[in-house]
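Visitor: Protein sequence lines correspond, in order, to chains A and B.
For the first sequence, position 573 matches number 573 in UniProt numbering, and the numbering has no gaps at all.
For the second sequence, position 67 matches number 67 in UniProt numbering, and the numbering has no gaps at all.
Quick caveat, the hints were computed from the structure, so don't treat them as lab data.
Be a bit skeptical, because a hint or two may be false.
Claimed, not checked - Below, simulated DSS-like cross-link-like pairs (lysine-lysine); rule was C-alpha separation at most 27 Å, straight line: (1) B/Lys98 with A/Lys9; (2) A/Lys368 with A/Lys385; (3) B/Lys6 with A/Lys9; (4) B/Lys6 with A/Lys293; (5) A/Lys293 with A/Lys307; (6) B/Lys98 with A/Lys120.
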Amino acid sequence: MTSKNFSFKSLVRHNMTSRMWAIALSVLGCLAGLLLPIFAIQQNYRVQLELAAEPDYVFTAADVLKNTQNNIAQVISFDSPFIKLVLIVLATLCGVAMFRYLHDRRQVDFYHALPISRGKLFAVNYISGVLLVLPFYLIVLVIGLIFVSAMGLGGQITGALLAQSILGNIAYFLLNYTVAVLCTVLTGNTIITVLLGIWAQLGIPVLMVMVQCYQAMFYETFSSAVPLMQTLVLYGSPMCNYLATMQHSHTMSVPLFTSTAMDTAGGMAILLYPVVLTIVLGVLSYFLFVRRKSENTGMAVSFRRVKAPIKWFMCIFSGFAFSLIFTAIFTGSSGGMWFGLVFGVVLCHMVVEIIYDFDFKALLHHWKQMIVLAILAVVVVAGIKNDVFGYDSYIPDVDDIASASIESPYYNIDWNYNYQDDIKNQLTDAESIEKIHQLAELSVANNGDLEVEGSSHTYTIYYTLKNGNRVSRRYSEVPQKVIENQMVDLVTSEQYLKQYSTLQTLQITETNEEGVTRLEVRNSAAPEGTLPQATLISRNEIQEVIDQLRADQIANAEAHLKEFPVMQLTIENEWAERPEDNRGALYSADLMVYAADTDTLTLIKRLTGVEPVELTHENVNSVEITQYDEQEYYDYMNQYGEYGQDRFIEAHTITVTDPATIDALLESAITGTMSSRSGFLAQTASYENSLAISAMIENHQGNETWATKESLFYPEGKMPTELINQLFNAQ
Amino acid sequence: MIRTEKATKQFGTLLAVDHVDTEIHEGSVFGLIGSNGAGKSTFLRMLAGILAPDEGIVRIDEQEVYENEEIKKRCFYISDEQFFFPNSTPDDMKNYYKTFYPNFDEARYRMLMDGFGLDGNRKIRTFSKGMKKQVSVICGLSACTDYLFCDETFDGLDPVARQTIKGLFAGDVADRGLTPVIASHNLRELEDICDHVGLLHRGGILFSRDLDDMKLGLHKVQLILRQPPEGDPFAGIEVLKREQRGSLYTITARGTREQLEERMTVLQPAFYEMLPLTLEEIFISETEVAGYDLKKLLL
């Protein structure tokens, strides 16, 4: 009789009907988060359609429809921030509302005197809170889909996209709802619940950021782009994680699903985070709810045993925060840092004790703990400062490394830059990992060694460990002499080239009728700004040249590092569909040919007739040389102002037109274009006395003649300094 | 039967209920008296299964009450600060209680609501304090539970309602063996309904007695002696309290009526009268014997 009488459904129904405000809020929120953006997009669609009817409008009606469908799909998808924000707010409100009775003695007496076990009461309240929101979210979503379908705007909404959106939003709603429930159960006062909720959502991410700040302050090799930390920031807070998790991977956020991965187990695996965390926190909430003493109503924290750990964490957090604030205020002063640290701990301890007792007289309660915490905070920061954890000297064991890469602005195989910190771009072969590991050992041993002569370099080494962790270290003052051989050995290896070289990683699409894919050929006599000397549009010919150059690059990698190029190939290539929006894009890259690439040069000559040329009086009309004393220049400028600059330069410039002298000046000269795209070990001479040399290069094609001014550079030790001085002296 | 053994409840450093041993038999009306802060409400909340004892046991029919759904279905707790759902009506509350209490008697609820002149569809928030109390009591009586725990239930009720409710309690005790446990700081409230009383003080129970036994064993006698007595005129009887104004003596003495009348015959007073003792007087006498000043305990 009794068990028959207890009706789970009727209690849930009662809970819901007595909270009509929450239902109203859910409906309004979902309307605002889903239907309102859809209506706005639909309105914009109508406007765009009218514009598309105009003959000179940039988009056709089909384009407008496709864009609108994309926008609608975005709103419906898991990427929509509107519905996420709405669901976070609703999850928090309902979580607190369903369990807030625990903060009122009258209600606690009422509910706990009823013949229902705490476990069942928890289940009734938990489910009621969920049902206050999710059914209405789904109803509004269905209404939105019906509307979108009726308007013919749902073309981009697929079953997978809908499944991703619904599952993702429900999973994260439950997670945030459970966090709110847990905070409400843990506390005995609603204001403290709100504070704890904010803390639970933002505490760990902010702490991670602060730890990064400390690392940046104290560790020489700290690398700000440590993916593990980023992961911790995102995964440390359900709300941050929810907002940052996206369906598509083109954003900077953590991808939930890639556009094609939803159907795979891997794509769905990302959902494990909210699902597992919801289960863990849900079980914890249930356990705490059942164990919670009714008499703890009205207290700040309902469980005596968790009071101290929460306080400890908050005090250390506060100490870190004030320490960083004081460091910023006193511009890096270590005194400010230490004072802020202790001040933060003490202040937080006092505030927490006042909150715990709801009594200002509790200011100095547990003062011994306060002192211990302040000392602990100082010890922790001192430990970080003195690198007791060996951060700067840490190198993962070579056997633990799954992949690795080096990001260096100097030791790059070509001037096109690849994202070497991206895990997908890391080297995975044992030989390369070993080389990088050796480099790391050299770097640790020599970082900051200023006694070695020559320049020093800055670079970052990234590791992905076999356990999935990612580690990076940035070495900022390593003498070039120490690492030169290892660096060259690494960046000229076939594995490295195939991974990072623009030439090796380039993808060539099919040539269409408009000749979108083409290869422009230039030698020194046809610098940028002039017409190319030849253009290949045949896909086969382009592919043949690229393949040959790839082979030559691997064979002559060292020459590519140390020499100046003799020919420039510019490929303009229609990229295949970009994963993020399925659209093509024009991709342009410069590929340099060196004298050592004889097979490529022969092939280019066969296909285009173009071959490398020396700069001589035959392709250079004149050479201008400007040379002046810097002090004289500044004195002149001070006297005449910036308007006198042209006159000063003119007075210190000579123009050489004599063929023999031009040939003598051009004997070892390299154009600016070729110099800027040269191998990184090909050094040019430094100018002295504000010397600038430029050549007026003529480029003949058919009946047309193009002339452009190019700066000239010289390999180290090849600059005709004597001749230049003679020319100025003769003037 | 309700039985507590060394039932203890502590709130931080405050010992609210301190090792209380008591037995409350079925069909009796147990009055729990004590000053404010004596621990009455806490003890009652322990009996109702709201609070778990920190030490000792609280059992009804030999089963722990806390988290025991079956036992709690036989108990109804009327708090001193009642809770009603926001914007609810008495009928809403009735419907909610019906979900939990299998023997809830809707016909009785209607009858009592009509009897008290309360509108079941009126918002409770518009009721007076006394009317809210009446709604709670009506729900409690209609739930038809075996045990009814009332915390200061008569506070705020007008005398008519108070007597009516006492009558209802008495009726239920007689008809179906209801066991009300009524906590109050007002002895007079309990006098005409309780048959067993426990006195709580600072969390501990000073004593727990059957009211009839106490009344039978204590008497108040007023007498005028013809001449000044030689020695103690009341030697041989246990006098708990004695007052003398001239030749007029008022004593409260322990013993049967017959024993005291026999003594009066020996003394041959000019006048004597056996006066009824109020519950308050009984308690004052008993607690004074125990070394406490009841006036201080209850005021």
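Visitor: To test your reading of the hints: which numbers does this structure violate?
Guide: 3
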